[in-house]
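S.K.: Sequence:
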Amino acid sequence: MKVSVFQFTPIFRDKAANIARMTNFVENSAADLLIFPELSTSGYFFLNFYETHSLSEKIDGETANHFKRLSRELNKIIIYGFPEIDDLGRVYNSAITIFPDGNCFIYRKTHLFYKEFLAFYPGNTGFHCFYSESFDINIGVMICYDWRFPEAARTLALKGADIIACPSNLITDVWHISMPSRALENKVYLAVANRTGEEFIDSEKVIFKGQSAIWDYSGDLLVKTDNYSETELTVEIDPKITRNKSFNEFNDIFLDRKPEYYII
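If you count by my numbering, then the sequence shown holds residues 29 to 292, one letter each, in order.
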C-alpha cells in the first residue's frame, strides 16, 4: 500500500484556491492513502470565532462531498484538515478521513495550541481508529500539537492503529525528536503532513517549518522533505506487520504493559 503526505502552503482565507491545489495533488498521486496538513482548506492564524465560522463546513459540506467523489472515482483514502462546524454552530480544528466506499470520519483536535482557543472549541471526539476493509488498514488520526502527549498515540495504537496520520501546522523544531519514539513505542507507522510558508496577523508572524516525514514502526525515518518545498512524499507500507507487537520471542510491548502500576 502506498502512503503519501503532501506539503504545501495554504493561502489564508482562500478556500477555493486551496481546494484547487489539493485536488490537483489528489488527481496526480499514485498513492492509496493521501494525507494533507492541518487546516488545509483555510489557512491557520485565526484570532476569533467569526473568522473560522465564515470558512467552516459540516462533515457533509461542499468540500467534503467534492473529495468524497474523488475518493470514490480514484479509489483513494483522503485525509485533510479543515474548520468543521457542528449543528450548534461550534467550530473545531478537525481532520476528515474519507474512504472510497463513501464512509467518512471526523477527528476534532484535542489539544489546542497557542491562540487556537480564540477561534476553535476543544475537540470532543476522543481518539479513534478508522478501518478500511478494502485496503485492510486501521488508521488513527491526531493533529499537530497532539504529538506532545504520548497518551494520544498510545490510545490510537491500543485501539488498533496500523498507521497514525498527523495533519500539522508545526512551527517548532522539536517534534522530530519525539515522532520516532511515538512510532517505536507503539510499533506503528507515523506520517506527518506539515505545511510551509508564513502567515501574518497585525505585527505577529508565524513561520511553518515544513519537514514533512514518514517513519516506520521501528522509528526509522523513511522519507523527509525540507522546510520550504511544496511536494508529495510517498512510501510503500505493509500495515499487517504492525499488528504483531513482539520484538523478540519473550517480549510484546502491549502484553508487557502493567497499567495497574501506572495509576496516579
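Think of the hints as simulated: they come from the structure by calculation, not from any bench.
Check each hint, because a few of them may be wrong.
[As the list claims (entries may be wrong)] Straight-line Cα separation of at most 30 Å, DSS-like style, residue types lysine-lysine; simulated pairs:
hint : residue 1 : residue 2
1    : K273      : K187
2    : K233      : K96
3    : K252      : K233
[Said to hold, decoys possible] Simulated DEER-style distance windows between Cβ atoms:
hint : residue 1 : residue 2 : range
4    : I87       : V234      : 25 to 35 Å
5    : I39       : P287      : 41 to 51 Å
6    : E179      : Y142      : 41 to 51 Å
Remember, predicted model here, so these are calculated numbers, not experimental data.
Positions of the beta carbon are idealized from the N, C-alpha and C atoms, including for glycine.
S.K.: Indicate, hint by hint, whether the structure satisfies it.
M.R.: A quick look at each hint next to the structure:
Note on K273 and K187: the hinted pairing holds, with a Cα-Cα distance of about 13 Å set against a maximum of 30 Å. For the given pair, K233 sits about 34 Å from K96 by alpha-carbon distance, which is inconsistent with the 30 Å threshold. About 25 Å separates the Cα atoms of K252 and K233, which keeps this hinted pair within 30 Å; it holds. Judged by the Cβ atoms, the range 25 to 35 Å given for I87 and V234 holds: they are separated by roughly 27 Å.
Our hint of 41 to 51 Å for I39 and P287 holds, since their Cβ atoms are close to 46 Å apart. Under the hint 41 to 51 Å, the C-beta atoms of E179 and Y142, about 20 Å apart, miss the expected range.
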